[in-house]
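Protein chains in written order, with this note's numbering: chain A, 1 to 178; chain B, 179 to 852.
Please note that a few of the clues may not be correct.
[Stated by the list, open to error] Below, simulated DSS-like cross-link-like pairs (lysine-lysine); rule was C-alpha separation at most 25 Å, straight line:
id, chain 1, residue 1, chain 2, residue 2
1, A, K140, B, K500
2, B, K738, A, K141
3, B, K679, B, K775
4, B, K221, A, K19
5, B, K751, B, K738
6, B, K679, A, K140
7, B, K500, B, K398
8, A, K140, B, K588
9, A, K141, B, K819
10, B, K245, B, K202
11, A, K141, B, K751
12, B, K751, B, K714
13, A, K141, B, K814
14, B, K760, B, K774
15, B, K202, B, K221
16, B, K762, A, K140
[Said to hold, decoys possible] So, partial list: chain A residues that the calculated Cβ filter (under 10 Å) puts toward chain B:
id, residue
17, T57
18, A61
19, A110
Derived by calculation from the structure, the hints in this document are not laboratory data.
In this text, a Cβ means the ideal position worked out from N, Cα and C, and glycines have one as well.
Chain by chain, the residues run as shown.
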Amino acid sequence: MAASRKNAGVRMTRKQSTKQTLLTGIGVALAVLALVEWQVALFATIGLLPTFVLAFTGAGAHMMLKLQIVMFCNITAILPFAAQFWSRPSEFGSILDQLYPIIMVYMGAAVGYGLIFAGPIVAAMVLQALSQDRVRGLAKKRQALIDRWGGEVVSGGTVSGAEPGGMVTPPSAKLPEK
Amino acid sequence: MSADKTPIPEVQSGFGERYEINTKAPLADFSTPGGQAFMVVDKENAERTLYAVVQNNGIAVRNDVYKSLSSSMISGMICPVARGVMNVSLDGRSQQRFVTIFERPTGGPLISSDGKPNPRLNPMLIKKNIALALLKVAVAVDKAGFAHRRILPTNVYFASPTSTDVVVGECCTTPAGVRCPMGAEPLELAFADETARGEGNTSADFYQIGVTLQCLNFGKLLYAGRDRNSFLTARVNQTSYWSMAGGQDIPGTLGTLVRGLMADEVEERWHAEEMVSWFEGISNSKRTTMKAWSLSRPTVFEGVSYADRRLLADAFARNPQKAAAFLRSLDFTKWIQASLRDEVYSERVEKALNVAADKSVGSTARSEMRLVSRVCMFLHPNGPIRYKDVSVNHDAIHLGLAAAFAEGKKSLITSYSELFDMKLLSSLLEIAGRLNPTLASSFNVLKNLIPFATSNQLGKGMERVLYEMNPGIPCLSPRFDNIFVASMKQLMTSLERLAGKGGGSNILFDRHVAAFCARHGGSLDREFNQLAAAQKDQPKFNILALDFFSMLQQRYKLDKLPNLTNKLVENLKPALKDLKDKKKREEVSNLLDKAKKSGDLSKVSSSVNLLQIQAEDRREFAAAVSEMAFIERERKRLTRKIVFQDPEAQLKGLKGARNLSAVTAIGLAVVLML
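Work the whole structure out from these sequences, hints included.
Next comes the structure, spelled out in structure tokens:
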């Protein structure tokens with residue numbers, strides 16, 4: 001019990017350090033970007049707010065996966081605008097005034113949250129379909145085993161006396177009295 | 179049970195073809211404890227007057243005596259002509275029996291078995307012809323290396339109705355001394371049970387000559403109808419000569435001869451030399467004395483006063499429980515010193531007797547019996563071993579045991595089995611070994627058999643002891659009641675017939691058959707150990723039984739045994755049914771059916787190694803069971819409804835979404851960069 005608690009603690013620490021590494025990586029990338037093109041870096045920082053919120057507030061199982069989904073969706077939505085700001089930095093103010101890019105970027109993050117919800121549902125449906133196929137294969141294998149070894153193979157050989165073939169365990173021989 | 183009795187062979191043996199026994203014409207005068215006598219016709223020489231002794235299965239023949247007599251016949255004695263196994267109709271049923279053929283004297287016995295003297299007897303004939311004829315035979319058998327041990331007035335015959343020549347009856351169908359009347363046994367052998375008196379020696383033959391001459395003189399069987407205990411007491415107290423005739427003397431020189439021959443002390447008994455001197459008119463009359471056996475002070479046991487050590491030992495042996503209590507109540511050392519003043523009562527003997535042991539400390543009925551046995555041996559050192567209901571001379575244990583088995587006396591067999599005890603034998607040897615030097619060699623034989631006697635394992639036990647000690651005795655299994663089985667070949671062919679009749683199930687569980695095979699089969703200990711280990715696992719036992727008989731068939735180069743093969747293969751069916759693999763079961767069944775038709779056990783055994791197949795089957799079945807368990811677990815897991823909350827769906831769904839979003843992001847980045 002204590003060992004499993006210890007293992008859970010180790011796993012938690014490892015996840016947190018991965019998250020920290022990820023956030024540090026993003027932070028470093030943004031800082032480097034800011035040195036090259038501060039408009040893009042600013043836009044990316046504002047655009048990645050849903051990711052940061054999730055990173056700091058999110059908890060529960062598969063947190064890293066969820067964070068990655070939101071982050072990749074977030075980045076996917078940022079990328080076209082970032083490319084536009086990179087090539088025409090002067091348009092940064094006018095485009096940002098329209099709030100359109102920010103909404104699009106946050107919608108990308110929303111798509112990420114949608115994937116977090118839909119992914120397991122789709123996976124469950126696929127797994128169900130695969131299981132049925134596997135079950136059919138196992139049933140064939142099972143029948144083959146029963147055909148070869150009789151019903152006893154199902155009960156693990158613990159059945160004595162009559163078996164499907166009508167065979168009876170012979171009584172043990174008794175020694176005649178000396 | 180009758181289905182389990184082995185039928186006799188359908189075809190008469192060559193021996194049976196030649197000698198035709200008329201079982202409707204019994205010859206009571208020639209019958210012996212070993213077998214019943216009948217008229218017989220030799221088809222190759224119908225003029226010969228012969229008789230046949232149909233041997234009782236429980237009584238061994240004297241094989242060495244037969245061989246000696248058939249190689250060099252003794253004149254004046256009925257010698258065997260031939261012997262063999264044949265089918266005879268006895269007691270209303272056909273039986274296979276061992277039969278010995280003898281020349282038949284036609285003059286009748288000197289005294290018939292019902293006690294009637296032959297009318298041709300007269301004192302002169304007794305003194306001259308008969309005494310001389312008996313002397314010649316006794317000397318001749320002694321020269322041949324054995325003792326006759328059945329020279330009785332009922333076993334001496336006139337050679338023909340007209341002749342005055344007499345012939346002594348045969349002595350090879352009954353072991354020495356077995357069921358010989360107690361009065362006709364010399365005193366040194368007479369204390370033992372009538373089935374366990376032992377070989378004796380030529381001195382016993384001369385004693386019997388004396389008894390015969392005495393009976394002939396009085397014209398009756400003097401020993402017939404006498405109570406054993408009172409007669410024995412009389413013999414001890416008055417000497418055999420006087421007690422036999424009830425105090426009547428034989429007048430003249432014949433009386434001198436008979437007294438000499440019937441001397442109870444072996445050293446004083448007349449033998450050939452004294453008899454020859456007597457014929458020459460020189461009399462060597464000796465007085466017999468009983469001094470050595472007298473108690474200095476009589477002992478009263480059970481209200482009877484005993485002044486003779488041998489009689490006291492005999493009385494103790496007849497009532498061992500009371501004897502044990504009596505001995506415990508005595509100050510034994512003082513009693514010995516007072517009763518046996520001449521006896522050197524050493525510390526070693528005192529220790530061996532161990533009478534003073536505290537009864538309360540581990541004393542059991544068995545130890546009480548041993549105590550009585552030790553004291554009896556001390557009182558009568560060259561007498562029989564007395565233990566519980568057994569009084570057996572040390573060289574006749576095999577005979578007593580054979581009789582106990584033949585008569586089915588279980589308590590007697592148990593008593594014999596308890597004799598096979600190292601501690602008891604050692605103490606008896608310690609007590610009597612100095613005075614009875616032959617005891618050590620007999621006990622060595624017994625000591626070697628202790629591992630058999632004390633084991634209940636198949637192929638061992640008292641049955642094994644019986645066949646080890648009596649190699650000539652036929653197998654006494656109740657299955658062979660009707661037939662004679664004295665060799666492994668006979669056993670196998672008998673089993674073939676038994677199997678043909680549908681019997682013989684679990685034949686090796688028959689302790690007699692197992693012990694007989696173990697004795698006569700030669701180095702089968704490993705096989706019997708395996709069989710014993712599989713005793714409670716019948717299928718495995720049947721497989722081993724088939725291998726066992728297959729080996730015997732090969733070893734004894736026997737022809738095909740189709741019925742036995744069939745039976746043993748049928749017995750394998752439970753083992754076959756134990757095979758879980760249906761396909762393999764069918765394959766093996768077909769193989770066995772094929773091999774069964776050959777009637778060759780070795781072929782069956784070599785073509786199907788069922789033990790190996792069983793082992794493989796068990797291994798494969800265990801693997802199949804674990805595979806099935808895995809399938810069942812998987813089926814259970816896979817057939818449940820998978821919902822999105824399932825950890826697996828969650829993980830795989832999120833991983834899928836992560837990968838999709840990552841690919842989209844990377845793909846878009848690449849496109850934009852380009």
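Do the hints match the structure? See the list:
1. A:K140 with B:K500: violated, 81 Å
2. B:K738 with A:K141: Distance of about 46 Å is beyond 25 Å: violated.
3. B:K679 with B:K775: Holds, because 17 Å separates the two Cα atoms, which is no more than 25 Å.
4. B:K221 with A:K19: violated, 118 Å
5. B:K751 with B:K738: Holds, because 21 Å separates the two Cα atoms, which is no more than 25 Å.
6. B:K679 with A:K140: Violated. B:K679 to A:K140 sits at ~49 Å, over the 25 Å cutoff.
7. B:K500 with B:K398: violated, 38 Å
8. A:K140 with B:K588: Outside the cut-off at roughly 63 Å; violated.
9. A:K141 with B:K819: holds, 22 Å
10. B:K245 with B:K202: violated, 30 Å
11. A:K141 with B:K751: violated, 29 Å
12. B:K751 with B:K714: Holds, at roughly 17 Å.
13. A:K141 with B:K814: Holds. A:K141 to B:K814 sits at ~15 Å (cutoff 25 Å).
14. B:K760 with B:K774: holds, 21 Å
15. B:K202 with B:K221: Holds - the C-alpha atoms of B:K221 and B:K202 are around 18 Å apart, at most 25 Å.
16. B:K762 with A:K140: Answer holds: B:K762 to A:K140 is near 21 Å, not above 25 Å.
17. T57: violated, 18 Å
18. A61: Constraint on A:A61 satisfied, holds at 7 Å.
19. A110: violated, 12 Å
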